[in-house]
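Q: Using the hints, position chain B against chain A.
Those sequence lines, one after another, are chains A and B.
Reminder that position 211 of the first sequence reads as 232 in the numbering used here, one-by-one numbering, no gaps.
Reminder that position 6 of the second sequence reads as 253 in the numbering used here, one-by-one numbering, no gaps.
Treat the hints with caution; some may be incorrect.
[Said to hold, decoys possible] Label pairs and their in silico Cβ distance ranges:
(1) Arg332/B with Thr283/A: 40 to 50 Å
(2) Pro314/A with Leu269/B: 46 to 56 Å
(3) Phe315/B with Ser135/A: 47 to 57 Å
(4) Met304/B with Leu23/A: 47 to 57 Å
(5) Val284/B with Gly313/A: 50 to 60 Å
[Stated by the list, open to error] One side of the interface only, derived from the structure: several residues of chain B facing chain A at Cβ under 10 Å:
(6) Asn309
(7) Glu310
(8) Glu314
(9) Ala326
(10) Trp328
(11) Val334
(12) His337
[Claimed, not checked] A few chain A residues that don't get close to chain B, going by computed Cβ distances all over 10 Å:
(13) Leu26
(14) Pro64
(15) Leu238
(16) Pro255
(17) Ser263
(18) Arg273
(19) Asp278
(20) Asp292
(21) Pro319
Honestly, the hints are just simulated from the structure, not real lab data.
Think of the CB as a built atom: it goes at the ideal place given N, C-alpha and C, for glycine as much as any other residue.
Here is how the chains run, residue by residue.
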Amino acid sequence: MLPPLKPIPIKERLSIVFVEKGEIDVVDGAFVVVDSQGFRVRPVLTHIPVGGVACIMLEPGTRVSHRAVALAARVGTLLVWVGEAGVRLYSSGQPGGARADRLLYQARLALDESLRLKVVRKMYALRFGEDPPARRSVEQLRGIEGARVRRTYQLLAQKFGVKWSGRAYNPEDWDVSDLPNRCLSSATAALYGVTEAAVLAAGYAPAVGFIHTGKALSFVYDVADIYKFDTVVPAAFQVAASNPSNPERAVRLACRDIFRKTRLLERIIPDIEEILAAGEIPRPEAPQESVGPAIPNPENLGDAGHRA
Amino acid sequence: MLVIVLENAPPRLRGRLAVWLLEVRAGVYVGTYSRRVREHIWNQVEAGIENGNAVMMWYANNEAGFEFQTLGPNRRLPADWDGVRLVSFHPNADESDV
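So here's chain B without its partners, still in its complex pose:
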């Protein structure tokens, strides 16, 4: 199982992903592919994401049962807690607060 979610991505990348994956909601792509194909698809995302951001998750034989990686700026950043991967929600840097 492979899921990719894009935010603020250029239409050309969205069209490109739709070549291999099913776009079930705006920017949400699903499919089932091997590791090699997954890496190939992620290369396309890296090449075409521009100012947007992306996350890809897939089935993995670890304790959580899945793995994920991200690209581009987002308030949600992956965090590793002694081997458990969680997500930290960072506030938008606000000038008055910094």
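Just chain A, same shape as in the assembly:
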């Protein structure tokens, strides 16, 4: 018998694989996409090294079997169901919340105003490469950030020679957006997928945000914003400037490239830890009378949030 499957660390994986069409299933224990190409021809099977990918984006036109989802969960790979242009519909696969100590730590930092401010300041410091002005509230910091972001968009658009009239998109109807905005939307969707996989793998809750609140992925948006303007935004503008025939594919290639160049998958989990450490409180310890696991956890190769 083969030993049981275990997740491997996020930093050693490919960032994203997009599946466009086909039935996703398990054949001989491998994660495969079955493309029938009509009824009279036998199907083409494409293997996806599921355990070696951080996140798999399932586009409209895919079906997934129970066994395939179970295999993805077992190897700690996030499955994200996305709509046209990478707009998220639903997501699952590797469920979060595997580490109570980390969730409590994150929640405590988010609930205490002074701790939250420290974390937010650290996020801005990492993002802009300098400490934000002292004695500002989160609200004031957000105002400063908003102005800075608008300027960054303009500067990047200018640099790549793209006509830019502001970040505008309509979630109801993506096709009405202009090319730079569409490129930006699909590029940020890719970044969010990878970031969500990392947040879950690190053992934290995607919904407990510090700057963003009220969304299922608030913390993912917080973390992704740190990298957005160094990675996907320039990549999207560059693609938009070249006016490609298939912008979506071009954006994905560009994102893959920039994720590798900036070593995003290696940085993202240590950066999350660094951000939360800015609160300068210890991780909560289990209460004295709490009962540990009767069966000890098996040794794990993956990240803290991965279920062994």
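A: Leaving out everything else, chain B in the frame of chain A:
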């Protein structure tokens, strides 16, 4: 790192590859060479493969960390999925199915 796998290759090509690479299993050759030498070796494979098929993979500075190329007919065909190179397993064309 460079790995070449041959299937159904004539013995003269197998002997030729063994000049530069180590044959660790039947038809499986390993070594470490520069890009120029790799291309030189692949030229030999192209010249001598006849009806067989071959695949060569090597270390590359891309997201996967490696690159590969193939030669000759095989059910496994490389597929490019938005920049990720995967392998598709094509069924043998069976007359009754076509």
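Q: Run every hint past the structure and note whether it holds.
A: Now the hints, each set against the structure:
no.: 1; hint: Arg332/B with Thr283/A: 40 to 50 Å; result: 21 Å, violated
no.: 2; hint: Pro314/A with Leu269/B: 46 to 56 Å; result: 48 Å, holds
no.: 3; hint: Phe315/B with Ser135/A: 47 to 57 Å; result: 54 Å, holds
no.: 4; hint: Met304/B with Leu23/A: 47 to 57 Å; result: 24 Å, violated
no.: 5; hint: Val284/B with Gly313/A: 50 to 60 Å; result: 57 Å, holds
no.: 6; hint: Asn309; result: 7 Å, holds
no.: 7; hint: Glu310; result: 5 Å, holds
no.: 8; hint: Glu314; result: 13 Å, violated
no.: 9; hint: Ala326; result: 6 Å, holds
no.: 10; hint: Trp328; result: 6 Å, holds
no.: 11; hint: Val334; result: 6 Å, holds
no.: 12; hint: His337; result: 5 Å, holds
no.: 13; hint: Leu26; result: 20 Å, holds
no.: 14; hint: Pro64; result: 7 Å, violated
no.: 15; hint: Leu238; result: 22 Å, holds
no.: 16; hint: Pro255; result: 17 Å, holds
no.: 17; hint: Ser263; result: 16 Å, holds
no.: 18; hint: Arg273; result: 4 Å, violated
no.: 19; hint: Asp278; result: 8 Å, violated
no.: 20; hint: Asp292; result: 19 Å, holds
no.: 21; hint: Pro319; result: 28 Å, holds
Going through the hint list in order, the structure does not satisfy hints 1, 4, 8, 14, 18, 19.
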